[in-house]
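Participant: Generate coordinates for the entire structure from the input sequences, incorporating the hints supplied.
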Amino acid sequence: MRHFVIVAILVLVMSTLTYLGLDSSGLLPVQASEQAVPVDWLFNLQFITISFLFSLIIVPLVYSLVVFRRRPGETGDGKHFEGNTALEITWTAIPLFIVMGFAYLGAYSLGETRRVDPQAMVVNVTAQQFAWTFEYPDTGVVSSVLYLPEGKQALLKMTSRDVIHSFWVPEFRIKQDILPGRTTEYRITPTRVGDYKLRCAELCGTSHAYMLADVKVVSRADFDAWMAARAEEARAAADTPEGRGKTLVTQNGCLGCHSLDGTRGTGPTWFGLYGSQVSLSDGTTVTADEAFIAESILQPQAKFVAGYETIQMPVYQFTDEQIADIIAFIKTVK
Amino acid sequence: MKNMKPVWRGLVLLALGGALGYFLGLGLDALVSGSANFTAPLAGFFSLVVSVTGFFFGLVGYRGVTRGLVFQIIGTLAGGFFVTGLRALMGLKTFGPFFFTEPAWVVGGLVGTLSFLAGVGALTDWFKWALGESTPEHHTDEPGWQKYFNVSLDHKVIGVQYTITSIAVLGFGGIFALIFRTELAASQLQFLTTTFQAFDQNGLQFYNTLMSLHGMLMIVSILLGIAGVMNYLIPMLIGAQDMAFPRLNAFSFWIAVPAAVLLLSALFLGGFDTGWTGYPPLSTRSPLGVQMFFLGVFIAGWSSILGALNLIATVARMRARGMTAFRLPIFAWAAIATSIISLTATQLIGLSFQLVMFQRLLGMGFFDPAKGGNPVLFQHLFWFYSHPAVYVFVLPGLGVISELLPVFVRKPLFGYRWVAMSSLGIALVGFLVWAHHMFTSGMNEYLRVPFMYSTLLVAVPTGVKFFSWVATLWQGKISTPTPMLFVLGGIVVFLMGGLSGPPNATVSTDLHLHDTYFIVGHFHDTMFGGYIFPFFAAIYYWFPKATGRRMSEKLGKLHFWLMTPSFLVLTFAMMRVGLLGMRRRIADYDPALGFDLSHLIMTVAAYLIFTSVVIFLYNFFHSMKHGEQAEGNLWNSRSPEWQVPSPMPVHNYDHAFQVVGEPYDYGLEGSKYVEFIKHK
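Heads up: the sequence lines are chains A and B, in that order.
Going by the numbering used here, the first sequence opens with residue 1, and the numbers climb by one from there.
Going by the numbering used here, the second sequence opens with residue 1, and the numbers climb by one from there.
Don't read these hints as lab results, they were simulated from the structure.
Each hint should be verified, as a subset may be incorrect.
Said to hold, decoys possible - EDC-like cross-link-like pairs, simulated, lysine to aspartate or glutamate; straight-line CA separation at most 20 Å:
| # | chain 1 | residue 1 | chain 2 | residue 2 |
| --- | --- | --- | --- | --- |
| 1 | A | Lys216 | A | Glu135 |
| 2 | B | Lys93 | A | Glu135 |
| 3 | B | Lys477 | A | Asp77 |
| 4 | A | Lys331 | A | Glu321 |
| 5 | A | Lys197 | B | Asp596 |
| 6 | A | Lys79 | B | Asp665 |
| 7 | A | Lys152 | A | Asp222 |
| 8 | B | Lys672 | A | Asp77 |
| 9 | A | Lys79 | B | Glu669 |
Facilitator: Below is the structure:
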């Protein structure tokens with residue numbers, strides 16, 4: 001009996017200490033969305049339960065190892081008892097109730113994260129190896145940075161051009177895979193102005209680690225101003241070939257692999273590309289003229305730039321005018 | 001060369017074979033491509049297979065495994081050239097950057113596997129039967145260690161073969177992990193950079209290949225390891241002379257060897273970047289390596305299925321007199337539970353991988369949305385095995401814990417029937433939980449809720465095990481030699497794995513945790529607690545039974561005290577960075593996240609674990625010859641195998657035994673578990 005009392009007290013002390021330790025060690029990123037609230041609430045409940053169950057096993061285990069250890073010179077066996085059905089039923093039934101409770105709460109908090117705001121702002125998200133594109137259908141604005149207004153639910157309609165990707169901003173908590181050939185939905189209500197990073201969470205190939213995008217949560221006024229400026233920019237861009245080309249390469253995620261400033265990406269940089277001498281994998285050199293660039297876009301497997309033999313660029317369908325626009329834009333990158 | 005020790009001769013031939021294979025591959029490649037490519041995949045591939053063959057040639061000469069490997073090389077080339085010839089006749093492309101084209105490699109790999117089995121001799125008896133020749137009921141193995149490199153029908157030899165192969169594969173998997181763990185020690189890329197080149201892969205691709213192979217090699221290693229322990233122990237524990245189907249048993253082991261070679265060959269044939277899960281569409285776009293990976297897993301699956309079938313038949317039919325269901329050793333219950341899963345679920349991973357292979361080879365659109373396929377279907381098929389598989393990995397280990405605890409506590413296992421039933425309970429509930437790996441996958445979102453309920457149910461039988469273990473320890477007389485330390489370490493580490501499970505099971509928290517390092521920490525805890533620790537416990541405990549000598553206690557304790565704290569630090573750090581936003585399967589992480597120190601600690605911990613395993617390996621191989629003699633009932637166990645001398649006689653028990661009492665009645669005056677039947 002004495003043993004039981006000591007162990008019970010130690011379990012309580014240990015549970016409290018473990019929970020305080022977990023709670024004070026900052027285990028989760030900043031909470032930045034409405035949907036993160038029920039998730040974090042359940043996390044907290046999990047941490048409490050984990051602290052208790054951890055102590056419930058570890059304390060009697062360590063206690064037994066100390067108190068019931070075989071002392072030097074001691075022979076003989078332990079106390080003979082084979083089991084206790086009432087005890088077994090107890091430690092089957094109580095955990096059963098606890099886990100079913102957790103399942104209920106899990107379903108409840110899942111429901112909370114799925115609350116629908118009919119006024120939600122739609123953003124079309126396109127993922128591809130290894131870039132993100134965001135389109136705001138209300139204004140037609142296309143961006144490689146995800147701008148979201150604070151306090152307003154955004155409905156992200158997401159699809160992939162190639163393999164499976166996954167949308168994850170750790171501060172928003174929830175995560176949703178993005179599949180080719182269909183659209184998945186993701187609802188988020190940002191609650192905290194700031195800069196975040198969107199990181200692809202489903203292994204999507206060689207440069208998976210670098211499939212990132214900036215997420216900027218801004219006040220509604222700032223959002224409207226940004227949107228107006230971008231819409232104006234887009235209207236102006238539509239008047240010139242290089243402007244249309246820029247819109248096309250942003251929309252199609254080209255810049256995820258091809259940098260504009262000379263840094264080495266998954267594909268060759270476009271910086272100073274036009275008119276330059278390009279070394280190919282077969283040892284020859286070509287001049288990057290309009291014909292070569294057009295061929296590289298429409299038949300990416302026809303010629304490989306040296307050092308990029310193993311890269312499979314997606315195949316795109318563009319009209320001749322679109323190709324001309326893109327080349328006009330590439331000419332400006334120098 | 002003749003006077004050298006076989007091991008040194010093997011190592012010399014390993015090096016020579018590596019060089020010979022390299023130039024052979026280089027030459028063949030140059031013959032076809034017209035120019036010498038010094039990093040040609042074919043050169044790497046031949047370097048691997050010829051060096052391994054050379055090693056075994058030096059060790060045991062041209063027989064058994066050596067002949068199997070030679071046959072595998074010839075078979076692979078024959079199959080490859082056959083398909084290449086057909087393609088030439090059809091006017092298709094005949095040679096590619098990997099020498100053969102993809103269909104030629106796949107057929108070559110398959111023919112190579114069958115050739116290996118014919119060469120090693122695993123099919124000989126069946127061939128003879130087909131020709132109407134008779135074979136002896138028992139083959140007598142040659143004495144000495146050479147028998148381990150030949151086909152043997154003795155379950156003890158096969159058990160040791162499995163165990164040694166498992167340790168070898170574990171070594172590869174561990175070294176791969178150390179390579180990429182070193183890259184992760186700091187943010188940014190240090191040596192696996194985009195300009196790094198190995199086997200036609202740049203640093204990022206090589207990272208993905210190593211990471212993916214680490215996963216699958218460890219899984220294969222675990223499957224071989226549990227098969228080794230179960231094969232060695234089960235007939236012995238239940239009083240049988242051998243397994244029910246000895247030839248099938250040998251076949252199950254030997255088919256795993258070419259499968260391991262195929263898996264490793266993926267490293268040289270372009271690698272693959274899909275992780276061990278191989279999700280399409282990514283896996284349909286990966287380099288050739290992914291096909292060798294799929295084929296290797298497909299073939300290894302046969303080993304699992306047939307081994308499980310054999311084990312169930314053995315326990316069902318070959319128990320000693322009086323060994324009723326609830327007088328079975330508790331480990332046998334765990335082995336049955338695990339075999340039920342292997343027997344009935346392994347087909348699904350084989351099938352899912354086969355469908356992707358066909359999609360790549362024949363253009364079938366199973367998982368291609370453009371052809372009406374569905375990539376999520378693959379995930380269902382894949383996880384229908386791959387989730388229950390984790391119970392395949394841990395149930396035997398938990399069985400070892402339950403089996404050894406009473407011996408070192410000197411008390412009966414608390415609630416034997418409940419512990420036995422909890423294994424079956426975990427196995428059965430385990431079939432209903434697979435979609436919890438897919439909470440973010442885009443499957444029907446309402447389906448997530450029932451899978452959350454079923455998943456959390458697994459906690460109940462698992463809890464029964466923990467409570468029963470603690471109650472077994474209560475008021476015992478506990479001694480802690482090395483095997484008991486690993487048993488206790490297993491309990492503590494598995495507890496960490498168990499407690500980090502429910503946050504992954506409740507959907508809303510999993511939406512944050514899915515595909516992060518939290519998961520990586522969680523499953524490494526379950527795999528180490530449920531398999532690695534009990535596996536080491538079993539080796540330290542039964543080593544004297546197999547060899548007549550015991551392993552060094554001093555080195556064993558050093559192994560334990562080096563590995564356990566390092567491992568706990570490693571997984572705590574993994575879980576912490578995972579919660580804070582570290583994704584899985586990335587070669588590089590953002591320095592802005594501030595994870596550098598955590599990763600450095602993880603890398604140091606990984607090296608310490610590696611060091612401890614090296615100490616174990618030294619202890620293991622050194623003690624075979626030089627360990628302290630231990631021929632009797634070293635641990636004072638009630639179990640039948642310890643009532644006869646060590647090493648175990650060839651056909652186990654010279655006198656049959658019958659069961660006359662409970663298996664774990666330690667502390668009950670005058671009670672006995674088994675009684676040998678004396679012939680009058």
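Participant: Would you mind marking each hint as holding or not holding in the structure?
Facilitator: Do the hints match the structure? See the list:
A hinted pair counts as satisfied when its Cα atoms are at most 20 Å apart, and A/Lys216 with A/Glu135 qualifies at roughly 15 Å. Distance check on the hinted pair: B/Lys93 and A/Glu135 sit about 42 Å apart at the alpha-carbon level, beyond 20 Å; violated. A threshold of 20 Å between alpha carbons decides the hint, and for B/Lys477 with A/Asp77 the separation of about 6 Å falls inside it, so the pair holds. Straight-line distance between C-alpha atoms of A/Lys331 and A/Glu321 comes to about 15 Å, which keeps the hinted pair within the 20 Å bound.
Between A/Lys197 and B/Asp596 the alpha-carbon distance is near 18 Å, which keeps this suggested pair within the 20 Å criterion. Annotation: proposed proximity of A/Lys79 to B/Asp665 holds, straight-line Cα distance about 10 Å (limit 20 Å). For the suggested pair A/Lys152 and A/Asp222, the alpha carbons sit about 13 Å apart, so the restraint of at most 20 Å is met. At most 20 Å may separate the alpha-carbon atoms for a hinted pair to count; B/Lys672 and A/Asp77 meet this at roughly 14 Å.
A threshold of 20 Å between alpha carbons decides the hint, and for A/Lys79 with B/Glu669 the separation of about 11 Å falls inside it, so the pair holds.
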